[in-house]
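Enquirer: Each chain is listed here by its residues.
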Amino acid sequence: MAKPSIPLGLVFSRSGPYAMMGREMEKSALMAVDEVNQSNEFDFGFTPHLRDPAGIVPAYHAACDDLIRQEQVEHIVGCYTSASRKQVIPIVERTDRLLWHPARYEGFESSDNVIYVGAAPNHTVVPLVRHMLEHISSDVFCAGSNYIWTWETNRVLREIVTSAGGRILAERLLELGETAVDHIVTEIIDRKPPAVFNTLVGESSYAFMRALHDASKRAGLTIPTLSCSLCEPELKMIGAEAAVGCITSSAYFESIEIAENRAFVARWKARHGSDSHVSVDSQSTYVCVMLLARAIRRAGSRDVAAVRRAAANHRYGSPQGPIWVDADNNHCFLTPRLARSVQGSQFKIFWEADAPERPDPYLSSLDLASFAAKLSHGADPAAKRPAYLRVVK
Amino acid sequence: MTRPSPFSVRGRHALVITRDEREIANVRRQLNRLGMSVTETDPEQPITPQISVDVIVLDADTMPIKCDTAPALKANAPVIALIGTETPSRLKWLLDLQPASFLIKPVRSAGLYTALVVAFDCAQRRIEEAAHVEKLEERIRSRRIVFGAVLQLMRNHALSEDDAFTLIRQTAMRHRTTIEQLSADIIALGGMPNRGSRTA
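As you go down the protein sequences, you meet chains A and B in turn. Going left to right, the first sequence walks through residues 1 to 393 as the working numbering numbers them. Going left to right, the second sequence walks through residues 1 to 200 as the working numbering numbers them.
These aren't lab readings, by the way, just hints derived from the structure by calculation. We put the CB at the ideal spot given by N, CA and C, even for glycine. Please note: incorrect hints may appear among the correct ones.
[Claimed, not checked] Chain A side only, calculated, beta carbon under 8 angstroms to chain B, not exhaustive:
no., residue
1, E41
2, D43
3, F44
4, A59
5, S111
6, D112
7, I148
8, S163
9, G165
10, R167
11, K348
12, F350
[Claimed, not checked] With a straight-line Cα cutoff of 20 angstroms, these simulated SDA-like cross-link-like pairs (lysine to any residue) come out:
no., chain 1, residue 1, chain 2, residue 2
13, B, K92, A, R23
14, A, K236, A, D65
15, B, K92, A, K236
16, B, K92, A, I168
[As the list claims (entries may be wrong)] Covered stretches of chain A (chain B as the covering partner; in silico rule of three or more C-beta atoms under 8 angstroms from a C-beta of chain B):
no., segment
17, 24–34
18, 62–76
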């Protein structure tokens, strides 16, 4: 007997500037939909309604308007950039629908009509900067794409680094999509910073990592690079050698060694090919659909208020480990992790939090004094500098 | 001089800097209802200072954070910021423009009038405060002159500092001039100008 079906809006840009990510996320959403539809654990299924805004910001509003009015959806999974989410929020708030948002973002938002499944800034940038201060350097060179994610990530970085007595050696920005990176790479090779913080995205980031790798090799340098956005499919695009060695912060890596993840990756590869890779955003999209399905089951209804209540504090053993929605701010408890990129488009995890961390979208619990204290307890910051660097007075 | 009322917005001219078609439509419709005229421009366009602009309605999200238009905006009319992103990095950029007022996007029919009134009132107060500060700074600049005049009278007439200053203050009142102006005259003439007989 066919299960009753609930319409589900999926809004991903399959074309346009970040089509690669959009397609990966949509694939993951459809995989989750199929699993729900085929599972005996759910007495309902989803009918997905796909929309492709092609990365055009106002098209997100039009797509959601259409999904809500024509397809009568209560729930939408989608968006990738903050600009697109900001387009969708007014309409889901006005019509009281729920947007399930998979991507990490820069924080400073908390809508009742959005469930933020991606990482908040306390899950990504904060542990990465802490690691940098404790193990690499308190001085850092920043290269990033000229948009909100970089501005805000660099602001947090600057606040933490300066309160720990470190310095931002430079902040170099490239327009989105720009691949002329040589001037930045040349400056890095000339100045030999003890660390490079990379918030470039897409093609800019790939071009930068390749060029920096080549130039460092020629100059006989090893300059540690850090990222809070790099993911497995991107490592593949960057290329085998240049993609190795980047210290990356994320709530999900394909290499997480828990049963839920091994099974998930196996299902993913069976469906999408053995040479395909799961990214943090596609895993998070899968988790969005699953959190939604479980909340509907728990609520016994697709009604937005009932689903929101049912989703809150309802623990789900996801591929990235236990995850649940914080009823206070609609963001998720997630486990922050740090890893180093290695051969084979993989990450080797070297640190993870003891337990899922409460989301702090406004970084209101960030204690800057704790960073200053940590550094003063440690050795002389100059002593932490890698051996190849001379201290020039 | 009577202050222009911030409540009367009819006939004023707004420069709207945004790219979002829906925001433009909402802002334009509401401004027209209020009897204001509207010029629209793209955030990437360079802004030329326009004397006739009474208020700038600016979509903060669409402006590049490192851009050259910000200085041009500062010298202009009061700014109402349309805000979508509340991150500190964006707000810091906005604070540099000293916005007179703000609205959270999406712009609705309610709220814009209040934002305009607050912006016009804020702009008027800023003009008045600037004039007041200018006056105070002028006084500080002439303090040396007043001090010089006091010293001159103390020497000429063997007066205490208090008495010399009192003499200058009373004479300035009698001559219907400022203490600063009279002090400048005392220094120029090497003593109290002899106008006492006319007013005695």
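Enquirer: Now look at each hint and say whether the structure bears it out.
Expert: Results of checking the hints against the structure:
1. E41: violated (39 angstroms)
2. D43: Result: violated, 38 angstroms to nearest chain B Cβ.
3. F44: Not OK, violated: F44 of chain A not within 8 angstroms of chain B, min 33 angstroms.
4. A59: violated (12 angstroms)
5. S111: Given a least distance of 12 angstroms, the restraint on S111 of chain A is violated.
6. D112: violated (15 angstroms)
7. I148: holds (6 angstroms)
8. S163: At about 15 angstroms, which exceeds the 8 angstroms cut-off, the nearest Cβ of chain B leaves the hint on S163 of chain A violated.
9. G165: violated (21 angstroms)
10. R167: Not OK, violated: R167 of chain A not within 8 angstroms of chain B, min 19 angstroms.
11. K348: violated (32 angstroms)
12. F350: violated (30 angstroms)
13. B:K92 x A:R23: violated (35 angstroms)
14. A:K236 x A:D65: violated (36 angstroms)
15. B:K92 x A:K236: Roughly 37 angstroms between the alpha carbons, so the hint for K92 of chain B and K236 of chain A is violated.
16. B:K92 x A:I168: The hint holds at about 18 angstroms.
17. 24–34: Contact hint for the segment 24–34 of chain A vs chain B: violated, 0 residues under 8 angstroms.
18. 62–76: violated (count 0)
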